[in-house]
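Colleague: Take a look at the letters that make up each chain.
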Amino acid sequence: MHSPIDSSLSPAAVYAGNGQGLEKTQLTYGIIPLTDCAPLVIAKEKGFFARYGLDVELSSEASWANIRDKVLVGALDGAQMLAPMPLATTLGIGGMKEAMVTAFSMDLNGNGITVSNDLYQRMLAADPAAMQEQPLSANALKTVIKAEQAEGRTPLTFASVFPFSSHHYALRYWLASANIDPDRDVNLVVIPPPQMTGQLHSGVISGYCVGEPWNAQAVSMNVGRTLITNYELWNNMPEKVFGVTARWAEQNPNTHLATLMALLEAAKWLDQTENRMEAVRILTQGYIAASESVLQMSMLGTFQYASDEKPRKLPDFNVFYRYAATFPWRSHALWFLTQMQRWNQISDDNMDVKAVAEAVYRPDIYRQAAEALGVPYPTVDYKVEGVHEQPWLLNAATQPIVMGADQFFDKRLFDPMNLEAYHRQFDTFVA
Amino acid sequence: MEHRVILIDENRGRAAILQQALVDAGYTVVGVIHSSENLLQRVQELTADVIIIDMESPNRDVLEHLSLVNRENPRPVVMFADNDDRETIQAAVKAGVSAYIVDGLSQSRVKSIMEVAIARFREYQAMRKELDETRNRLAERKLIEQAKGILMKRRNMDEESAYHALRKLAMDRNQRLSDVARTVISMADLLL
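Residue numbers (the working numbering), protein chains in the order written: chain A, 1 to 431; chain V, 1 to 192.
Isolated chain A, as found in the complex:
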């Protein structure tokens, strides 16, 4: 009943394609120069925005804080955001309080945890057996930290990219799973991604969790080794979203839909293997200050963990479209909210997190765009995470959709309908 995307398919059913019905056609969207700004860049450079009557300027921003603030005051119409950002902003944690909306997930996975060569050697010496685990746990790190604490040394410093980011939660999850208390046993900081490699090299930090190309950069310069990707930590972990204010979404419903349609087409284009190299060229020529060889590593489905190792195959390191990757799952929102509670970013344990997830994550808007394009979409808003070790078929959709694996590396389950049980699993740290 739904035809796949066809470039000859006229969007006339929704918009005349010439801007009719659009509340606004001149738009400025914000991006951060990282591999996964790709859907917005491709929507612009391959003419998908233009196809839906939108004249979009992309503004490269220096920080996530800028992205948030500029979207809030209307200096940007919308932007690439870290998935937890619209939730945090709606709750008013860390900045101004403003109701936000996301109806589009920009990608899955894309991050890695990298440590300095020096720390890697110490981990290897401390617990060679633990260093053979795949995926790699932080058990050897725990041994190193214990020994250093006994000597009275200052805690190791680890960096992520923003307090409300999948990177930050992935790093904390990984550390905590080895009984390392991220608030006591290490010193967590935020560092802008382009500075990560340098600070790792100079020893200011011992490790970090960051998106590409900044793991590949450390490996190619031989200043660090990637221990685990966030794909291995949680298969197909949500990463970035396209976010706008709720007010903007309300005032510009058709423009919002046209944007989502263009982004859907861009995401689909990006997940066609034969287009990835062109995407790498477009990104390195006008948007990201990294070489093609560094960027293409993960974009072409490989990942190099260390400079003395061959790249390994990791075909799902960057997922833009397949596995319903563009769908704004409310269960993803809930997972992020449980992390905010777990790490005391939300102090109110009785907050109605489900209401927050439903206000911010808007699959209803997504479905309108998917329906207009004639692409299949999920008919449910929530899914249990951690169940599937292999790809599986989502039947609760307008057409069955092939979904990716969704396991956590510690084999835990996340049931969005039973959050209390989930919280109880992570109670305290053993001293």
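Note that these hints are calculated values from the structure, not bench results.
Cβ coordinates follow ideal geometry from the N, Cα and C atoms, glycine included.
Only true hints are included.
Capping the alpha-carbon separation at 35 Å, the derived lysine-lysine pairs in DSBU-like fashion look like this: (1) V:Lys129 <-> V:Lys148; (2) A:Lys24 <-> V:Lys111; (3) A:Lys411 <-> A:Lys313; (4) A:Lys24 <-> V:Lys94; (5) A:Lys70 <-> V:Lys111; (6) A:Lys411 <-> A:Lys354; (7) A:Lys46 <-> V:Lys94; (8) A:Lys310 <-> A:Lys146; (9) V:Lys94 <-> V:Lys142; (10) A:Lys46 <-> V:Lys129; (11) A:Lys354 <-> A:Lys70; (12) V:Lys111 <-> V:Lys129; (13) V:Lys129 <-> A:Lys24; (14) A:Lys97 <-> A:Lys24; (15) A:Lys310 <-> A:Lys411; (16) V:Lys94 <-> A:Lys97; (17) A:Lys354 <-> A:Lys24; (18) A:Lys46 <-> A:Lys70; (19) V:Lys94 <-> A:Lys70; (20) V:Lys168 <-> V:Lys148; (21) A:Lys97 <-> V:Lys129; (22) V:Lys153 <-> V:Lys168; (23) V:Lys153 <-> V:Lys142; (24) A:Lys97 <-> V:Lys111; (25) V:Lys94 <-> V:Lys111; (26) A:Lys70 <-> V:Lys129.
Computed footprint of chain V on chain A; a stretch qualifies when at least three of its residues, placed anywhere within it, have a C-beta under 8 Å from a C-beta of chain V: (27) 88–96; (28) 153–165; (29) 190–204.
Have a look at the derived ranges for each label pair, beta carbon to beta carbon: (30) V:Asp179 <-> A:Glu358: 46 to 56 Å; (31) V:Asn11 <-> A:Lys146: 39 to 49 Å; (32) V:Thr28 <-> A:His201: 28 to 38 Å; (33) A:Thr28 <-> V:Glu87: 17 to 27 Å; (34) V:Gln41 <-> A:Asp308: 30 to 40 Å; (35) V:Asp172 <-> A:Met221: 51 to 61 Å; (36) V:Arg122 <-> A:Gly92: 26 to 36 Å; (37) V:Glu87 <-> A:Glu57: 24 to 34 Å; (38) A:Lys411 <-> V:Thr28: 50 to 60 Å.
Take the given structure of chain A and dock chain V to it, following the hints.
Modeller: Just chain V now, with coordinates in the frame of chain A:
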């Protein structure tokens, strides 16, 4: 109560202007930071009540981290974000400046610091714009002079008719005089 202020701005000229303005207004500037090296450590050592930062600095995210309520940081730093005062925030974003304050500080007192910062950033912006425009005008005049010279030499025109020829071309093509001059210069070797 005296407010201790840190400025983070890679632009030394602008930082100096703002520092002076804040001192004149009776604030204590405890540090001016120009680079991202050991930023967090320096910010923590200086123990300021207010941090003013250039919005184009990627280090804003470093400071965002300080907003986290954690056990080691009893006085979290929060963004200057009085929800009732969107105008100040809007003006700040437009001027390209942002601020973080120690939680619990009265927003109204900080607002006056923000106003000084916004005013100076705006002034600096205007100054830069004027400077750029002057530079452009000078460069354009040079181009036109050069194109005129080419026409005078190769087409045997006097100065006035060379200028008229350029102006006519600009009007016919609906282009700026400087653009036409640029075309004449780039084509000179080929065609004339």
